[in-house]
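Colleague: Based on the provided sequences and hints, a complete structural model is requested.
For the sequence shown, our numbering begins at 13 and goes up steadily by one.
What the hints contain is simulated information worked out from the structure, not anything from laboratory work.
Heads up, the beta-carbon is just placed ideally off N, CA and C, and yes, glycines get one too.
Treat the hints with care, as some may be off.
As the list claims (entries may be wrong) - What follows is a set of in silico ranges between Cβ atoms, one per label pair, in the way DEER data are often shown: (1) 85 to 123: 31 to 37 angstroms; (2) 44 to 74: 32 to 38 angstroms; (3) 120 to 38: 16 to 22 angstroms; (4) 19 to 120: 25 to 31 angstroms.
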Amino acid sequence: MIRSVMVKGIEALTAECVLAAERAGVTAEVLGSLGPEWDAKADYNLDRMMVHGLRRAAEMEEVALTLEGLGAASGMTREAVALHRRLGRLGVTPPPEGLSAKIEKITDLESKLVGRVDAA
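Modeller: Below you can see the structure in the form of C-alpha cells.
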C-alpha cells in the first residue's frame, strides 16, 4: 500500500507535468531536462493511467485511508486519485502508440468534455 504512494504518485506527477508542458509548448525541453529516459517513462506512465486509471484510483483511495489511519498526510495521494480517475474516465483503451499521440488524445478528449460542460 505505502509503495503505491510513490509509484502511482510519480505516474500522476508525470501526467500533470507533461500535460502542462504540452500546453506551454515545452514538452521536449522539460523531458530532456529530466534525462534521456523520461520520454519513455512518461509514455509508459500515461499508458498505465489511461488503461488502468479507474482501478488505480480505487486502489489509491484505500492507500489514502491507510495513510490517514497511520496519522500520516494523504493530500498528495488524494490528488493522485483524482488524476488517475480523470485519465481513466476518458476510456481510451487501447491508448495510442507514443507519448505525443497519448498527450494529443487526452487533450482532445478533455477539450471536448469541457466544451460539453460549457454548452450546458
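Colleague: Hint by hint, say whether it matches the structure.
Modeller: Structure-based check of all given hints:
1. In this structure, residue 85 and residue 123 meet the distance hint of 31 to 37 angstroms, their C-beta atoms being roughly 33 angstroms apart.
2. A C-beta distance of roughly 36 angstroms is found between residue 44 and residue 74, which places it inside the suggested range of 32 to 38 angstroms.
3. Taking 16 to 22 angstroms as the suggested C-beta distance range, the pair residue 120 and residue 38 conforms, at roughly 20 angstroms.
4. Judged by the Cβ atoms, the range 25 to 31 angstroms given for residue 19 and residue 120 holds: they are separated by roughly 27 angstroms.
Going through the hint list in order, the structure satisfies each hint without exception.
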